[in-house]
Amino acid sequence: MMTLKEIAGLVEGQLNGSEEFEVTGINSLDRAGTGEISFAVNPSYAEAVKACRAGALMLPENWPQDLLAALPAGLSGYILVKDPYVAYAIVAGEFARKDFKPKGISPTAWIGRDCSISADVSISDGVSIGDRVWIGSRTTLHPGVRIGEDVRIGEDVEIFPNAVIYSGSGIGNRVTIHSGVVIGSDGFGYAQHRGRHVKIPQTGIVVIEDDVEIGANTTVDRAAFGETRIGMGTKIDNQVQIAHNVTIGRHCIIVAQTGIAGSTKIGNYVMIGGQTGINGHIEIGDGVRIAAMSGVAKSIGPGETVGGAPAWPHRHWLRVMASLKKLPETEKTLWEIKKSLKGE
Amino acid sequence: MMTLKEIAGLVEGQLNGSEEFEVTGINSLDRAGTGEISFAVNPSYAEAVKACRAGALMLPENWPQDLLAALPAGLSGYILVKDPYVAYAIVAGEFARKDFKPKGISPTAWIGRDCSISADVSISDGVSIGDRVWIGSRTTLHPGVRIGEDVRIGEDVEIFPNAVIYSGSGIGNRVTIHSGVVIGSDGFGYAQHRGRHVKIPQTGIVVIEDDVEIGANTTVDRAAFGETRIGMGTKIDNQVQIAHNVTIGRHCIIVAQTGIAGSTKIGNYVMIGGQTGINGHIEIGDGVRIAAMSGVAKSIGPGETVGGAPAWPHRHWLRVMASLKKLPETEKTLWEIKKSLKGE
Amino acid sequence: MMTLKEIAGLVEGQLNGSEEFEVTGINSLDRAGTGEISFAVNPSYAEAVKACRAGALMLPENWPQDLLAALPAGLSGYILVKDPYVAYAIVAGEFARKDFKPKGISPTAWIGRDCSISADVSISDGVSIGDRVWIGSRTTLHPGVRIGEDVRIGEDVEIFPNAVIYSGSGIGNRVTIHSGVVIGSDGFGYAQHRGRHVKIPQTGIVVIEDDVEIGANTTVDRAAFGETRIGMGTKIDNQVQIAHNVTIGRHCIIVAQTGIAGSTKIGNYVMIGGQTGINGHIEIGDGVRIAAMSGVAKSIGPGETVGGAPAWPHRHWLRVMASLKKLPETEKTLWEIKKSLKGE
Chain A
77 MMTLKEIAGL VEGQLNGSEE FEVTGINSLD RAGTGEISFA VNPSYAEAVK
127 ACRAGALMLP ENWPQDLLAA LPAGLSGYIL VKDPYVAYAI VAGEFARKDF
177 KPKGISPTAW IGRDCSISAD VSISDGVSIG DRVWIGSRTT LHPGVRIGED
227 VRIGEDVEIF PNAVIYSGSG IGNRVTIHSG VVIGSDGFGY AQHRGRHVKI
277 PQTGIVVIED DVEIGANTTV DRAAFGETRI GMGTKIDNQV QIAHNVTIGR
327 HCIIVAQTGI AGSTKIGNYV MIGGQTGING HIEIGDGVRI AAMSGVAKSI
377 GPGETVGGAP AWPHRHWLRV MASLKKLPET EKTLWEIKKS LKGE
Chain B
77 MMTLKEIAGL VEGQLNGSEE FEVTGINSLD RAGTGEISFA VNPSYAEAVK
127 ACRAGALMLP ENWPQDLLAA LPAGLSGYIL VKDPYVAYAI VAGEFARKDF
177 KPKGISPTAW IGRDCSISAD VSISDGVSIG DRVWIGSRTT LHPGVRIGED
227 VRIGEDVEIF PNAVIYSGSG IGNRVTIHSG VVIGSDGFGY AQHRGRHVKI
277 PQTGIVVIED DVEIGANTTV DRAAFGETRI GMGTKIDNQV QIAHNVTIGR
327 HCIIVAQTGI AGSTKIGNYV MIGGQTGING HIEIGDGVRI AAMSGVAKSI
377 GPGETVGGAP AWPHRHWLRV MASLKKLPET EKTLWEIKKS LKGE
Chain C
77 MMTLKEIAGL VEGQLNGSEE FEVTGINSLD RAGTGEISFA VNPSYAEAVK
127 ACRAGALMLP ENWPQDLLAA LPAGLSGYIL VKDPYVAYAI VAGEFARKDF
177 KPKGISPTAW IGRDCSISAD VSISDGVSIG DRVWIGSRTT LHPGVRIGED
227 VRIGEDVEIF PNAVIYSGSG IGNRVTIHSG VVIGSDGFGY AQHRGRHVKI
277 PQTGIVVIED DVEIGANTTV DRAAFGETRI GMGTKIDNQV QIAHNVTIGR
327 HCIIVAQTGI AGSTKIGNYV MIGGQTGING HIEIGDGVRI AAMSGVAKSI
377 GPGETVGGAP AWPHRHWLRV MASLKKLPET EKTLWEIKKS LKGE
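Line order of the protein sequences matches chains A, B and C. Heads up: the first sequence begins at 77 in the working numbering, then just goes up one per residue. Heads up: the second sequence begins at 77 in the working numbering, then just goes up one per residue. Heads up: the third sequence begins at 77 in the working numbering, then just goes up one per residue.
Honestly, I wouldn't trust all of these hints.
As the list claims (entries may be wrong) - Okay, the calculated beta carbon distance ranges per label pair:
| # | chain 1 | residue 1 | chain 2 | residue 2 | range |
| --- | --- | --- | --- | --- | --- |
| 1 | A | 374 | C | 359 | 41 to 47 Å |
| 2 | C | 118 | A | 402 | 51 to 57 Å |
| 3 | C | 359 | A | 379 | 43 to 49 Å |
| 4 | B | 149 | C | 191 | 55 to 61 Å |
| 5 | C | 118 | A | 374 | 23 to 29 Å |
| 6 | A | 272 | C | 126 | 48 to 54 Å |
| 7 | B | 207 | A | 92 | 38 to 44 Å |
| 8 | A | 207 | C | 150 | 28 to 34 Å |
| 9 | A | 191 | B | 172 | 42 to 48 Å |
| 10 | B | 207 | C | 394 | 39 to 45 Å |
| 11 | C | 359 | A | 207 | 46 to 52 Å |
| 12 | A | 398 | C | 395 | 19 to 25 Å |
| 13 | B | 196 | C | 177 | 43 to 49 Å |
Unchecked claim - Okay, derived cross-link-like pairs now, BS3-like style, lysine-lysine, Cα gap no bigger than 30 Å in a straight line:
| # | chain 1 | residue 1 | chain 2 | residue 2 |
| --- | --- | --- | --- | --- |
| 14 | C | 275 | B | 401 |
| 15 | B | 275 | A | 408 |
| 16 | A | 415 | A | 402 |
| 17 | B | 275 | B | 374 |
| 18 | C | 275 | C | 418 |
| 19 | B | 402 | C | 275 |
Claimed, not checked - Not everything, but these chain A residues come out facing chain B in the computed CB check (under 7 Å):
| # | residue |
| --- | --- |
| 20 | 162 |
| 21 | 202 |
| 22 | 219 |
| 23 | 255 |
| 24 | 293 |
| 25 | 309 |
| 26 | 314 |
| 27 | 332 |
| 28 | 388 |
| 29 | 392 |
| 30 | 404 |
| 31 | 407 |
| 32 | 409 |
| 33 | 410 |
What the hints contain is simulated information worked out from the structure, not anything from laboratory work. Note that the Cβ used here is the ideal one computed from N, Cα and C, for glycine as well.
Construct the complete structure from the given sequences, taking the supplied hints into account.
Take a look at the structure:
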């Protein structure tokens with residue numbers, strides 16, 4: 077439970093009503109009960125607001141004065157916020173954290189030797205954990221999760237069923253890893269020898285920093301030497317492939333089915349659209365935005381927006397695509413000119 | 077077992093021979109035994125037909141009269157059908173259904189509280205099932221399958237090893253889900269706040285209707301609010317990504333490694349080639365056909381055939397690609413003309 | 077342990093120093109201890125070589141004479157080799173093989189009936205194995221691996237956590253399969269019948285030959301009839317999709333997120349860049365090289381290098397892309413010429 081005053085502080089909003097009203101949870105306008113808080117993104121929800129039974133509301137700062145007057149009678153208070161959607165995300169996250177109840181370690185989990193596991197974790201049925209693993213407070217491992225040897229997992233981490241963390245990996249705090257994710261599998265490296273591919277041992281590790289989320293069936297390979305690293309606050313969608321020795325900065329967004337080849341460095345605040353391919357051994361500067369389905373062959377300086385395969389400045393790519401669509405006609409015109417010139 | 081008469085009715089074919097002959101199974105021409113039925117797709121298999129030991133055959137309606145006279149002596153009957161391949165698929169499916177023998181619930185499966193599970197299921201070793209799960213008759217969960225809380229699974233469903241169904245999902249009847257599939261993982265949604273990506277809770281569900289098949293390692297995200305839905309009879313290949321709030325109609329075909337971004341609506345009888353990317357928040361009309369490796373940025377009306385990235389009407393795309401291949405020569409011709417004009 | 081003489085033989089190098097020195101392992105220059113061997117790829121590592129504590133070294137044949145004179149005093153010997161990186165890969169692989177210690181079969185693994193499993197295997201917690209499975213010597217199955225019925229797995233195989241092998245598959249010797257891999261799932265095949273997709277039973281198998289490595293979350297479908305086959309020594313990266321009845325030759329390299337459609341035949345020594353799509357029912361000749369993100373629609377003769385989507389000879393593709401980038405300007409020039417001609 078949180079008081080309205082606590083919530084207003086959390087979302088940096090302006091509270092009108094009972095500071096001490098105790099809120100038990102957050103829900104949508106049609107579902108929120110009298111103890112819960114709800115929210116409206118804009119005045120188009122005015123009717124739903126009137127009809128709702130929520131005990132409290134979060135509304136945008138520019139919510140019209142006349143609608144404020146028409147708020148439901150049962151309301152204990154409302155908070156005016158800059159962005160109700162962000163406020164919803166913040167409050168929902170806070171309730172989820174507060175609602176966490178550790179279930180302990182299932183007797184059917186297999187735990188290795190010399191592990192250090194906090195008392196207030198949830199480790200579910202059929203989880204296997206290797207030797208010398210460290211697991212922080214309030215971390216949840218769902219059924220069938222596999223943790224290799226010498227792995228370190230921080231606090232408030234949630235790992236969904238059947239995800240696999242290979243040996244030696246380091247996972248920060250407040251990390252979420254979805255089902256089918258594989259972290260720390262061998263990088264793809266071979267040396268040619270007498271017509272055969274001889275495996276180069278992949279002896280490095282993977283480090284996932286705080287507040288990272290990794291989507292279902294994404295793969296992150298361990299480094300050949302050293303580290304593959306994903307920076308703080310970066311969010312990765314489903315079925316993304318991150319090769320060995322890649323470094324990804326902070327607060328990046330990487331959409332589904334993108335692949336990043338070996339040893340590439342991605343800066344901070346980079347946005348990568350879905351199904352993009354990024355070459356190995358290049359650098360993508362801070363704040364770069366890459367359109368979906370791009371093929372990035374060369375390094376990109378900070379702040380650029382690119383698109384296409386090969387990736388060019390995005391506006392140029394759009395112009396080229398517009399010209400391309402007319403190419404058969406352009407070509408036809410050219411032959412006509414050529415013919416007429418010859419005819420002269 | 078089925079009689080020849082029953083099989084003829086099932087495949088809507090014309091039976092010649094013993095109506096009461098009891099067929100124990102279906103097999104290829106070289107493997108079928110005397111109690112089994114086999115099939116030939118066209119007369120190029122005439123020699124294999126002569127040599128086969130099958131007790132019965134399914135043949136195309138236009139099977140030549142002289143070859144009918146030369147059928148093996150041991151044959152108890154044959155059925156003339158419109159499409160022997162379809163007949164094979166129907167009969168094989170029917171035998172598979174009849175041959176199902178429930179193995180019960182393994183003592184090593186972990187079952188939650190307040191579940192409702194039919195008596196005639198097969199739930200294998202190391203399966204975990206959350207609280208309040210409903211499972212219908214003749215459903216099979218292979219080893220390591222994970223079912224979250226409040227999931228409903230219909231009848232005659234088969235879920236292969238290590239697939240994961242997150243909480244709240246609904247799975248229809250006669251659905252097949254292959255290994256590594258993840259259904260109901262969180263949609264990819266964040267709100268920007270002070271330079272950080274704040275997670276928007278994904279509180280919706282996934283609904284999979286009857287007769288859907290989902291290939292290995294495909295991912296289907298739960299909705300932010302409401303539902304992500306896959307319509308009746310739709311078949312999805314391996315490693316397909318379906319984002320939150322996507323709606324897919326009935327009887328679609330979606331080939332491997334395709335990605336569909338959030339909130340897009342796909343109609344009925346849509347065919348999508350492999351490695352295609354489809355933008356979010358657009359509509360693909362009924363009966364649309366999309367070539368492999370396409371990039372669909374905008375909505376497409378019913379019945380269109382498109383290809384390329386960006387996707388254009390397929391025939392136009394092929395013309396553009398033909399022109400594109402000659403582009404360096406076209407360009408050269410242009411400079412020559414320009415030069416000659418200046419020379420005048 | 078291996079003697080320096082044995083190692084020199086293994087890497088076909090020229091030994092200087094104590095033939096009988098016993099080497100306990102291989103490590104990087106900064107980590108190798110006095111009993112271990114290390115290596116330098118070229119003279120830029122001269123300072124690290126001087127500072128290292130390794131008992132022995134592998135150096136390139138052209139290591140400068142003056143640097144040889146400056147090798148650390150504690151060194152028991154060094155081996156001059158053609159390619160130190162290859163030598164490292166070979167020696168590390170040999171130590172890994174020698175260091176294997178079977179852990180036996182966990183009492184929490186579920187083993188089917190009529191299996192034949194060698195005594196010196198490692199079968200970990202929560203592994204499930206179907207009936208009539210054959211497993212060779214020194215093979216490791218990590219936690220949560222699922223093996224279907226009638227599977228044959230060779231010697232010195234390693235299968236990482238939560239990989240799944242469907243029934244009937246054959247896995248050769250020295251094969252490595254990473255987490256989340258699915259082998260033998262149903263091929264994607266349906267017959268149209270009255271507006272529905274009727275499943276064609278996929279009754280074939282998958283065969284993986286010796287010395288193959290398969291990356292995390294890759295999928296290999298079983299054949300409709302007959303086999304899907306991956307040839308000896310071929311290396312496959314993460315999230316690759318191989319459809320039913322595909323045949324891949326020997327010693328190929330297939331980079332991440334590539335998809336190969338049904339019944340296609342890939343020759344020997346083929347290199348396929350990442351995120352490539354290859355059409356079904358075509359042939360790729362021996363030694364073909366395909367650039368990343370290509371779309372291969374038609375068969376390719378032996379030895380060709382192709383790129384692009386659609387894939388053309390790679391040099392032509394690069395020329396086309398260079399022309400394409402200038403296309404808006406080219407088009408503009410054309411209209412200017414047309415206009416000036418009209419003006420005459």
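Legend entry - Hint check, residue 410/A versus chain B [nearest Cβ-Cβ separation less than 7 Å]: For residue 410/A, the interface hint holds, since the closest Cβ of chain B sits about 6 Å away, which is under 7 Å.
Inset, instruction - May I ask you to test the interface hint for residue 202/A with respect to chain B, counting a Cβ-Cβ separation under 7 Å as satisfied? - result: holds, 6 Å
Inset, instruction - Take a quick look at whether residue 402/B and residue 275/C sit within 30 Å of each other, Cα to Cα. - result: Given that 30 Å is the threshold and the Cα spacing comes to 43 Å, the pair is violated.
Legend entry - Restraint status (C-alpha distance of residue 275/B to residue 408/A at most 30 Å): violated, 53 Å
Legend entry - Pair hint outcome, residue 415/A versus residue 402/A [Cα-Cα no greater than 30 Å]: holds, 20 Å
Legend entry - Range agreement (Cβ of residue 402/A with Cβ of residue 118/C, hint 51 to 57 Å): Given range 51 to 57 Å: holds, Cβ gap about 52 Å.
Legend entry - Cut-off 7 Å, beta-carbon criterion: hint that residue 332/A touches chain B: holds, 5 Å
Legend entry - Hint check: 7 Å Cβ-Cβ cutoff, residue 255/A to chain B: Check passed: Cβ of residue 255/A comes within 4 Å of chain B, closer than 7 Å.
Legend entry - Hint status (Cβ of residue 409/A to nearest Cβ of chain B, threshold 7 Å): Violated, about 10 Å.
Legend entry - Restraint status (C-alpha distance of residue 275/C to residue 418/C at most 30 Å): Given pair residue 275/C, residue 418/C is violated - Cα atoms ~62 Å apart, limit 30 Å.
Inset, instruction - Verify the interface restraint on residue 219/A: the C-beta must sit less than 7 Å from at least one C-beta of chain B. - result: At 4 Å from the nearest chain B Cβ, residue 219/A passes the 7 Å test, so the hint holds.
Inset, instruction - Indicate whether the distance between the beta carbons of residue 196/B and residue 177/C respects the range 43 to 49 Å. - result: holds, 45 Å
Taken one by one, the earlier hints fail for this structure at numbers 1, 4, 6, 10, 14, 15, 18, 19, 28, 29, 32, listed in ascending order.
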